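S.K.: According to the working numbering, the sequence shown is numbered sequentially starting from 22.
Each hint should be verified, as a subset may be incorrect.
Stated by the list, open to error - Once the Cα atoms are required to be at most 25 Å apart in a straight line, the calculated DSS-like pairs of lysine-lysine come out as:
1. Lys173 - Lys50
2. Lys129 - Lys172
3. Lys176 - Lys150
4. Lys129 - Lys50
5. Lys130 - Lys50
6. Lys173 - Lys130
7. Lys180 - Lys150
8. Lys129 - Lys173
9. Lys176 - Lys129
10. Lys170 - Lys129
11. Lys130 - Lys170
12. Lys170 - Lys180
Keep in mind that the hints were calculated from the coordinates and are not lab data.
Quick caveat, the model's predicted, so the values are computed rather than measured.
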Amino acid sequence: MAAKVESLASSVQELSMNRSGPPSRYILKDGIGLNVASSFPVLDISVIDLGLLASSSPEGEEQLDRLRSALGYCGYFQIINHGIESSFLDQVHDLTREFFHLPMEEKKKYSREANDIDGYGNDVIYSEKQTLDWNDRLYLNTLPENIRKLKKWPKNPEKFR
22 MAAKVESLAS SVQELSMNRS GPPSRYILKD GIGLNVASSF PVLDISVIDL GLLASSSPEG
82 EEQLDRLRSA LGYCGYFQII NHGIESSFLD QVHDLTREFF HLPMEEKKKY SREANDIDGY
142 GNDVIYSEKQ TLDWNDRLYL NTLPENIRKL KKWPKNPEKF R
């Protein structure tokens with residue numbers, strides 16, 4: 022049976038303008054989520070050097086062992102020497118910030134449709150009992166190209182595409 026998927030009528034940005042606080046759909050019930058920061062252990066995130074990973078040298082073997090360990094332990098790791106320039110990542114960050122600072126009417130041109138994850142919006146709702154994240158997001162598939170939905174890719178900021 023397919024999950025029911027729907028989107029919210031209002032963005033978190035719009036909801037936050039209501040000074041009475043977040044709607045109940047965003048509030049964890051029965052004490053769940055209280056003191057969350059103290060209930061999770063601090064993870065030691067492995068740093069994997071992609072430049073060494075393919076090497077058959079002892080350093081490459083060490084990186085492979087670190088990757089295996091990270092995948093087996095928590096599934097998280099940081100990749101360095103991946104070939105993506107910091108200046109490009111900074112540009113992506115700046116364009117993303119520009120998009121989220123656009124007027125609401127402009128952002129809504131790229132709204133996520135029901136039963137889809139691509140586009141601007143907030144949590145996909147699978148259940149009436151689901152507690153929602155207090156955020157708005159822009160979700161865009163990039164690869165494989167056949168699932169890329171360019172109509173959901175903002176034309177503003179101009180360099181976004």
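S.K.: Could you tell me which of the hints above the structure violates, numbers in ascending order?
M.R.: 1, 3, 4, 5 and 7
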